[in-house]
Amino acid sequence: MGKGGDANLRQRKNKGTRTSSGRLMKRSSSVLEKMSSLQSTFDAKKRMRDLHNDLTVLKNIWFKKLAKTESHAERLEQFYGPQAHAYDGFRSNFLWGRKPLLASCAARLEDIASTDDMVWVDLGGGTGENVSMMSEYMDLSKFKKIYVVDLCSSLCEQARKKVAENGWKNVSVVEADACEFTPDEGKATLVTFSYSLSMIPPFHAAVDRAVTYLDPEDGLLGVCDFFTGAKYDLPMRQMSWGRRFFWRCIFDTDNIDIGPERRQYLDHSLSRVWEFNDEGSIPYVPYFRAPYYVAIYTVPKLESLLIENKVEAPPRFPPTFLYTQSWEDPHKDEPYLRAGPGDVCLTLTSGGCNSLKLCLDDVKAVYSVDCNPAQNALLELKQVAIRRLEYEDFWKLFGEGRHENFPELFEKKLAPFLSQNSLKFWRTKQYYFKDGLYYHGGMGKVVWSMQILFKVLFLKGAVDKMLHAETLEEQKAVFNNSWLVKLFRTAPTPLLSVISDTLALLLFNRVTLWFGAGVPLKQYQLIKQDGVHMSNYAARTFDGVAQNCLISKDNYFYYNCLTGSFAKDNCPDYLTKEGFDKLKAGAVDSLFIVNDFFLPTLKARKYTKVILMDHVDWLDDTTAKQVAKALGEQVKTGGRVIWRSAAFSPRYAAFIEAAGFSVERIQVQEPGEMMDKVNMYSSFYLAIKK
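Counting in UniProt numbering, the sequence shown runs from 1 upward without gaps.
Keep in mind the hints are simulated off the structure, nothing from the lab.
Where is the CB? At the ideal position from N, CA and C, for every residue including glycine.
A hint or two may mislead.
[Unchecked claim] Using 25 angstroms as the maximum straight-line C-alpha spacing, the simulated DMTMM-like pairs for lysine to aspartate or glutamate come out as follows:
no. : residue 1 : residue 2
1   : K568      : E404
2   : K606      : D589
3   : K231      : D257
4   : K231      : E261
5   : K460      : E470
6   : K582      : E392
7   : K364      : E578
8   : K445      : D435
9   : K145      : D208
10  : K465      : E673
11  : K553      : E578
12  : K582      : E400
13  : K413      : D215
14  : K162      : D139
15  : K144      : D184
16  : K162      : D184
17  : K99       : E279
18  : K332      : E664
19  : K690      : E334
20  : K332      : D554
21  : K162      : D116
22  : K413      : E217
23  : K486      : E473
24  : K606      : D596
25  : K142      : D116
26  : K424      : D267
27  : K142      : E175
28  : K476      : D543
29  : K187      : D116
30  : K603      : E664
[What the hints assert, rightly or not] Here are the computed distance ranges between Cβ atoms for each label pair:
no. : residue 1 : residue 2 : range
31  : E136      : L453      : 41 to 49 angstroms
32  : S649      : D464      : 35 to 43 angstroms
33  : N405      : A567      : 16 to 24 angstroms
34  : F597      : S269      : 28 to 36 angstroms
35  : H331      : H468      : 20 to 28 angstroms
36  : G660      : V456      : 49 to 57 angstroms
37  : L487      : E657      : 39 to 47 angstroms
38  : H331      : K577      : 15 to 23 angstroms
Generate the whole structure from the sequences, applying the supplied hints.
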């Protein structure tokens with residue numbers, strides 16, 4: 001056969017191969033389409049089955065008439081029996097307190113209980129779903145025994161099936177009354193009432209019985225349930241008369257009593273160590289959110305109180321923090337403040353960095369106060385993270401400002417130890433650690449905007465060079481040769497005036513200064529009274545830093561602004577490995593966070609050191625005199641007070657001097673000079689109590 005014949009043969013073979021391949025691909029595609037169709041059919045059937053189950057539950061909740069019987073067991077069986085098989089699916093979208101309860105208990109059990117001898121009693125445990133959920137937070141084998149106790153036989157039957165399916169050898173399902181049950185071991189490490197206490201009419205007896213076998217040393221009693229507050233109740237529990245009446249009536253139709261009496265008895269009988277109150281959505285009922293709570297108790301040892309918030313955020317505050325870091329140089333403060341062992345210190349929270357720095361100075365106590373709860377939520381998250389996390393996770397959160405696994409860390413390690421305000425704040429702000437913490441908050445938005453502006457003005461290259469400068473001379477050369485700096489230094493006065501006014505309008509207006517930089521109107525007026533244009537004030541700040549301090553190695557304030565993160569060799573002391581280890585070893589325990597205004601907190605106790613920051617700049621003369629008077633009364637003899645001001649000579653310095661202090665202006669801002677690594681104020685003062 002000739003070459004042409006060979007070619008034709010190869011062509012036919014190739015054609016046949018392509019045809020076979022095409023058929024195979026079509027068959028594969030057909031198989032995939034059928035599998036996809038089967039999966040869709042399966043999903044549709046599952047959705048219909050779930051809907052049918054939900055409707056079964058709703059029918060029993062809303063429309064079924066409750067049995068009129070004296071037996072509580074019969075009432076429970078009549079209510080739950082027809083819906084027991086569908087119980088878990090519906091409740092997973094309704095009982096929002098269960099996961100926070102179990103996560104909080106698991107986190108605490110890691111610290112306070114032995115790992116091989118724990119006993120858990122879940123009173124009103126229903127179908128045993130809590131045991132399944134707990135396995136997400138801790139190894140169930142750490143429990144020597146788990147008791148699922150319930151009075152409803154249908155729910156117990158579902159629980160036994162679940163135990164068998166999962167092969168739990170240490171789980172026993174007990175059909176019994178919570179008011180009479182006692183574990184065989186005679187002592188329990190963990191007792192839980194998960195949406196069950198409100199369904200136990202003799203709740204006093206149930207609580208009393210649980211307390212008799214709760215381990216007095218390490219035992220935890222956890223409760224989550226729906227609730228209504230009392231008319232006069234703790235701030236975290238308060239609600240309007242209408243809501244109290246509405247929700248109590250709604251739940252009463254199902255023999256569920258969510259009144260305040262049960263919580264009051266728990267508070268009376270036990271020591272409350274953690275509490276969270278919130279609202280959760282209701283399946284198939286839009287717009288309505290049922291109030292629920294989670295609380296952890298221990299057997300009373302000493303009288304203890306939870307610190308309640310004294311104030312809510314002022315109405316004109318943004319719904320987040322202004323500062324992600326403290327904008328005052330703590331190392332500049334050290335030789336004048338002289339904080340050390342035995343000192344009781346008062347400071348404003350701001351970003352919380354300097355509050356933690358005081359803890360590192362081995363002081364006796366640091367009271368960190370702020371009237372913006374969001375600022376305190378940031379500091380509290382740092383405090384809890386120091387206690388609960390390892391250094392690398394802590395560094396990712398607050399050094400880099402990002403953590404790929406923050407939602408899990410938050411649920412399992414951090415949320416169980418946060419106060420109510422902080423927990424509510426961070427539950428809705430977890431994305432901060434995905435986008436970058438230091439690009440959020442008022443100052444964070446300014447940082448983000450400035451980085452965009454650098455790109456628009458073709459200054460990104462100059463900024464990058466400054467961030468990688470090895471010497472101050474190299475940094476100064478880059479800064480001085482940038483076109484914007486040259487323009488400000490060489491432009492004719494009329495042009496410079498136009499540029500300054502434009503920048504003032506865009507960047508230094510009252511709205512941007514307040515919500516972005518935290519500069520209120522009164523402080524803005526102090527700057528104007530000194531005859532300083534806001535654009536010149538800003539230029540003086542940045543020029544002083546650029547000419548006198550190497551940002552890449554020795555100025556974490558502006559390094560953070562330019563990069564959105566810190567470096568391990570250029571960061572606040574609490575972020576260093578040494579600082580973290582010292583705080584974790586116990587130094588952080590001297591920190592007390594207070595949601596309140598400054599003046600009431602100042603009046604609450606005696607202090608030896610007070611850091612006013614620039615707080616008094618914000619006040620009118622009448623309030624400034626009240627602060628000065630309180631300083632005179634509350635600061636001990638020899639105690640030290642320091643502050644900074646946007647004014648060269650603020651009038652309130654005389655008020656503080658008249659209150660019994662020796663007042664000295666330590667430093668005043670000079671053109672081209674740097675007061676400290678922030679360089680944002682016009683003067684720095686020290687006052688010593690006579």
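Tested hints:
1. K568 to E404: 19 angstroms, holds
2. K606 to D589: Distance of about 19 angstroms is within 25 angstroms: holds.
3. K231 to D257: 16 angstroms, holds
4. K231 to E261: 12 angstroms, holds
5. K460 to E470: 18 angstroms, holds
6. K582 to E392: 15 angstroms, holds
7. K364 to E578: 20 angstroms, holds
8. K445 to D435: Measuring from Cα to Cα gives roughly 12 angstroms; hence the hint holds.
9. K145 to D208: Between K145 and D208 the Cα gap is close to 21 angstroms, so the pair holds against 25 angstroms.
10. K465 to E673: Given pair K465, E673 holds - Cα atoms ~22 angstroms apart, limit 25 angstroms.
11. K553 to E578: 18 angstroms, holds
12. K582 to E400: 21 angstroms, holds
13. K413 to D215: 24 angstroms, holds
14. K162 to D139: 17 angstroms, holds
15. K144 to D184: Distance ~12 angstroms between K144 and D184 Cα, so the pair holds.
16. K162 to D184: Between K162 and D184 the Cα gap is close to 22 angstroms, so the pair holds against 25 angstroms.
17. K99 to E279: 14 angstroms, holds
18. K332 to E664: 15 angstroms, holds
19. K690 to E334: Cα-Cα ~20 angstroms, so holds.
20. K332 to D554: 13 angstroms, holds
21. K162 to D116: Holds. K162 to D116 sits at ~23 angstroms (cutoff 25 angstroms).
22. K413 to E217: 22 angstroms, holds
23. K486 to E473: Status holds; Cα separation ~17 angstroms.
24. K606 to D596: 17 angstroms, holds
25. K142 to D116: With a Cα-Cα distance of about 5 angstroms, the restraint between K142 and D116 holds, given a limit of 25 angstroms.
26. K424 to D267: 22 angstroms, holds
27. K142 to E175: Answer holds: K142 to E175 is near 24 angstroms, not above 25 angstroms.
28. K476 to D543: 10 angstroms, holds
29. K187 to D116: 14 angstroms, holds
30. K603 to E664: The given pair, whose Cα atoms are some 24 angstroms apart, holds under the 25 angstroms limit.
31. E136 to L453: 41 to 49 angstroms: 45 angstroms, holds
32. S649 to D464: 35 to 43 angstroms: Since the Cβ atoms of S649 and D464 sit about 40 angstroms apart, the hinted range of 35 to 43 angstroms holds.
33. N405 to A567: 16 to 24 angstroms: Because 22 angstroms falls inside the window, the suggested range holds.
34. F597 to S269: 28 to 36 angstroms: 35 angstroms, holds
35. H331 to H468: 20 to 28 angstroms: Holds - the Cβ-Cβ distance for H331 and H468, about 24 angstroms, lies within 20 to 28 angstroms.
36. G660 to V456: 49 to 57 angstroms: 53 angstroms, holds
37. L487 to E657: 39 to 47 angstroms: Hint holds: Cβ distance 44 angstroms, inside 39 to 47 angstroms.
38. H331 to K577: 15 to 23 angstroms: With Cβ atoms ~18 angstroms apart, the hint holds.
When held up to the earlier numbered hints, the structure conflicts with none and fits them all.
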